[in-house]
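Asks: Got chain F sorted already, so can you dock chain E onto it with the hints?
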Amino acid sequence: MIEVRGLIKRFGRTVAVNDLSFDVRPGRVTGFLGPNGSGKSTSMRCMLALDRPDAGTATFAGRRYESIHKPLFEVGALLDAGYVHPGRHGRNHLRMIAASNGIKDARVDEVLALVGMSDVARRRVGTYSLGMKQRLGLAGVLLGDPDIIVLDEPANGLDPEGIRWIRDVLVHLATQGKTVLVSSHLLSEMAQMADDLVVIGMGRLIDTGTVAEFVNRNARQWVRVRSPQIAMLADQLRAGGAQVTLIDPTGIDVVGPSAAEIGELAGRHQATLHELSPQQGSLEEAFLEATAGVVEYRSGGPVLDTFASGGAPAPLPPPQPPVGGLP
Amino acid sequence: MNDVVRSEWIKMRTVRVNFVLGIAAGAFPIIVVVLISSLTSDLAEAGDDLVGAVTGTMLVTALLLGVIGALNLTSEYSHNTIRTSFAAVPQRRNMLVAKAGVSFVACVVYAAVIELITFGLGSAILNGRDADVELSGRDKAAMVGLVALVGLLVLLGFGLGMIIRNSPATITTFILWPLLLESIIHGVLSAAGVDNPTPWLPYQSAFTMAKPDPDPGDPGRLRAGLFLALIVLALLVIGIAVNERRDA
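Residue numbers (the working numbering), protein chains in the order written: chain F, 1 to 327; chain E, 1 to 248.
Treat the hints with care, as some may be off.
[Unchecked claim] The following label-pair restraints were derived from C-beta to C-beta distances: (1) F:11 - E:27: 45 to 51 Å; (2) E:112 - F:195: 58 to 64 Å; (3) E:113 - F:110: 53 to 59 Å; (4) F:171 - E:113: 52 to 58 Å; (5) F:106 - E:13: 15 to 21 Å; (6) E:180 - F:116: 19 to 25 Å; (7) E:246 - F:110: 32 to 38 Å; (8) F:130 - E:13: 22 to 28 Å; (9) E:246 - F:247: 56 to 62 Å; (10) F:164 - E:27: 38 to 44 Å; (11) F:61 - E:94: 18 to 24 Å; (12) F:160 - E:24: 45 to 51 Å; (13) E:168 - F:61: 24 to 30 Å; (14) E:168 - F:59: 56 to 62 Å.
[Stated by the list, open to error] One side only, chain F facing chain E, incomplete, derived with CB under 10 Å: (15) 26; (16) 71; (17) 80; (18) 89; (19) 98; (20) 100; (21) 137.
Keep in mind the hints are simulated off the structure, nothing from the lab.
Source: prediction; values computed, not measured.
From the three backbone atoms N, C-alpha and C, an ideal C-beta is built for every residue, glycine too.
Looking at chain F on its own, in the form it has when it is part of the complex (with noise of 0.2 Å):
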């Protein structure tokens, strides 16, 4: 179990993490969301006592960071891929970072092989790409078999096969009962792999629940329906009040009444249904809503619409300035 009170981390006048507070629950895989720049690495960071909290509090199974004496056997941390001496052997890494806490070099070979590293662990870091450094940062979080894992950006330069990998990995630590928290910047990933999420926007918490909580909470609703007679139905639900808009000549989709609520008067007006289904917008939808407000650095406009519609290209909007004001 983690457990974040309270934290608060300045850099100058900015205020990186804003009295952010938030459990993460063992047995599930919590994702740690949040926009560019929204504080997710420094929040991280100040758990791990990496950066000193100006107030607040994280506790890892009810105790601080810093006063757990060999943490490698409690918590797993890797907040960069990158945190590695480039002319250092992968083996020789594992080893500086496992021997610190007692741990035998014999399974610094155990977790290169479960990382699928063994063949290359006599290699400078230097020469090894990001995928495989993230292979290698994961051994490091692994080493002490630890009850509580955090990761930043873990799925960063992996590919495809390498997601995967990851994805079932954590899942299946959760399964053991483990406590994992894991930011990411892939949604879809986040989706097929978070039980639970924590979004954080500008340093403050958005909202925090299950993945299927905070869909429903965030993403649109509505329901699609297709029916030979679908002027008439989309004509009724108008007047019921709902919103309706046309997909094709047979299908409209309906913001307002439930599916049984469509279905019922489709029924009384005996009108035949060839799809009556509900839609919910995905996880990224929901990010995206949820956080809108709160984004530190947004794209320029819509270049794209311009190549689309046959025109020359239009010259790039100069970058916005950020939300909240950086020094």
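Replies: Just chain E, lined up with the frame of chain F:
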């Protein structure tokens, strides 16, 4: 603590730059002393001053080993491995003390071995050429003083590294301190009417520790060593305090 020491020992041995600097630090006095012993025509002078040649050339060794002491910490900041290290050992003071201790012991032992090898080779060559090499009490004191100086300079580099946390800036400060800064201070103090400023300059006075025949104005070996040790201690205390408070 033993585990942390072992980890630091692995870190020190598994970085190539330490090997390169170590080889340079060891090869320089050996090559110079072997050349001097082989080529000198004044055998009597060379025999009398062999220890002076050994400890004089090993001042370069001391500086290079001091650079290793600095790099042992600053390279962790350069590559951000300090975060990996502090995540594995959140009790930062333990890790820093272990790192300083490992750097100190490894460099001191290495310097002592190099010193003995250099002296042994030089005396073997000179004795083979019918020179008479003998070790006086002051020679022995200078050889011990050189090893102590290496230890202090390693810790000095480490202390500067803890405070500056940047490899080029730390090494520049470490090297320029004796070569430039103390020369300027020496000049300023002389201009201000101080007859013999050397005892007030920690680096320059500490070099006395390695001289078989100190100049009349030089401070004693013990005083010079204690003076530099005080500076080093202050840097270490400040460095540890700073690292405990700062973000990694």
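Asks: Just tell me: holds or violated, for the beta carbon distance of residue 168 of chain E and residue 61 of chain F against 24 to 30 Å?
Replies: Because 42 Å falls outside the window, the suggested range is violated.
Asks: Identify whether the interface hint at residue 80 of chain F stands, where standing means a beta carbon of chain E within less than 10 Å of its own.
Replies: Holds: closest Cβ of chain E sits about 7 Å from residue 80 of chain F, inside 10 Å.
Asks: Do the Cβ positions of residue 106 of chain F and residue 13 of chain E conform to the proposed distance bound of 15 to 21 Å?
Replies: 19 Å, holds
Asks: Mind checking the hinted window 45 to 51 Å against the Cβ distance between residue 160 of chain F and residue 24 of chain E?
Replies: Since the Cβ atoms of residue 160 of chain F and residue 24 of chain E sit about 47 Å apart, the hinted range of 45 to 51 Å holds.
Asks: So the hint says 56 to 62 Å: do the beta-carbon atoms of residue 168 of chain E and residue 59 of chain F match that?
Replies: Since the Cβ atoms of residue 168 of chain E and residue 59 of chain F sit about 39 Å apart, the hinted range of 56 to 62 Å is violated.
Asks: Kindly confirm whether 53 to 59 Å is satisfied by the beta carbon distance between residue 113 of chain E and residue 110 of chain F.
Replies: 37 Å, violated
Asks: CB of residue 112 of chain E to CB of residue 195 of chain F, is that within 58 to 64 Å?
Replies: Hint holds: Cβ distance 60 Å, inside 58 to 64 Å.
Asks: Against chain E, with CB atoms and a cut of 10 Å, does the hint on residue 137 of chain F hold up?
Replies: 9 Å, holds
Asks: For residue 61 of chain F and residue 94 of chain E, compare the CB-CB distance with the range 18 to 24 Å and indicate the outcome.
Replies: Given a distance of about 22 Å, which is inside 18 to 24 Å, the answer is holds.
Asks: Quick check on residue 71 of chain F please, does its C-beta sit within 10 Å of some C-beta on chain E?
Replies: This interface hint holds because 6 Å falls under the 10 Å limit.
Asks: Is the distance from the Cβ of residue 11 of chain F to the Cβ of residue 27 of chain E consistent with 45 to 51 Å?
Replies: Roughly 46 Å apart at Cβ, these two residues keep to the hinted range, so it holds.
Asks: For the hint on residue 26 of chain F, does the least C-beta distance to chain E fall short of 10 Å?
Replies: 21 Å, violated
The structure shown violates the earlier hints numbered 3, 6, 10, 13, 14 and 15.
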